[in-house]
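Protein sequence lines, in the order shown, are assigned to chains A and B. Read in the numbering used here, the first sequence has 440 at position 57, and its numbers run on one by one without any break. Read in the numbering used here, the second sequence has 997 at position 61, and its numbers run on one by one without any break.
Derived by calculation from the structure, the hints in this document are not laboratory data. These numbers were taken from a predicted model, which means no experiment stands behind them. We treat Cβ as the ideally placed atom computed from N, Cα and C, and that holds for glycine. This list has only true hints and no planted wrong ones.
Short derived list, chain A residues pointing at chain B, Cβ under 8 Å: (1) 395; (2) 405; (3) 415; (4) 417; (5) 455; (6) 485.
Restricting the straight-line Cα-Cα distance to at most 16 Å, the calculated cross-link-like pairs of lysine to aspartate or glutamate (EDC-like) are: (7) B:994 / A:437; (8) A:476 / A:460; (9) A:476 / B:995.
Here are the computed distance ranges between Cβ atoms for each label pair: (10) B:947 / A:483: 53 to 59 Å; (11) B:993 / A:468: 19 to 25 Å; (12) B:941 / A:431: 51 to 57 Å; (13) A:487 / B:1084: 36 to 42 Å; (14) A:467 / B:980: 38 to 44 Å; (15) B:1079 / A:413: 25 to 31 Å; (16) B:992 / A:464: 19 to 25 Å; (17) B:992 / A:465: 22 to 28 Å; (18) A:438 / B:945: 48 to 54 Å.
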Amino acid sequence: MIDYIMAFLVGGLICAVGQILMDFTPLSPAHILVVFVTLGAILSGLGLYQPLIDLAGAGASVPLPGFGHTLVKGVMEEVNKSGALGILTGGLKATAAGITAAIVFGYIMALIFNPKPK
Amino acid sequence: MAKITQDQKDYQELVKNSKPKPPYLKNLVMAFLVGGLICVIGQLILNFYISLGLESTKEAPSATSATLVFLGAFLTGLGVYDKIGKRAGAGSIVPITGFANSIVAPAMEFKSEGYVFGVAAKMFVVAGPVLVYGIASSALIGLIYYVVKF
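Produce the entire structure from the sequences given, and follow the hints as far as they go.
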């Protein structure tokens, strides 16, 4: 039960930070996603994001900074395994499922459905 | 720029004060609740995959991301996700389901421009920048890590 509570609190908090950026800065939602993914990557590089994943599980991995973290974690692991080449291969290897799912499901849904009248 | 007269200043003040203020607190609470709820759904899916025997640090999170992306894309197709988004703001944008939404919504919208420059190109209007900055920063951090380590 505690893992659901932590996921709710931490995930909610990350989204609340995004809402504050939306309401009080001129950043568009697209800018916020870019900022969050980059921030997640930087925090992960500093070793600060993994503790948040350990604490909150999906609460930290589902929001976009978690995507940046997965990229960096993949790069570092691959560098450990195969050296410099890992810089170029690790990130996409670790995020392949999410990215491929986004492209395949995204394309299929866009074909099947039409935009609803606003 | 021309100097602003006192009258213009008064008028700007009047406009500023009579413009309706966005409901900041309500937005914040909604973003927190909806964002938190999506992460709870993510945790449910994650625990489900772990209970099926998927490895808990890589396989299960990957499968969870793919499942959430599917749900986000499907609900966007149905027109449900954008209804949630109107109330939830960042709560529906920041989770990975929002990333899926940012792919499907413009792809559907621009279908009339064809399947190459419409659907396929517009899928990446928002997702493209996210991938560019995410992947580029991860490679840069990887380079720094490599240099520091060896």
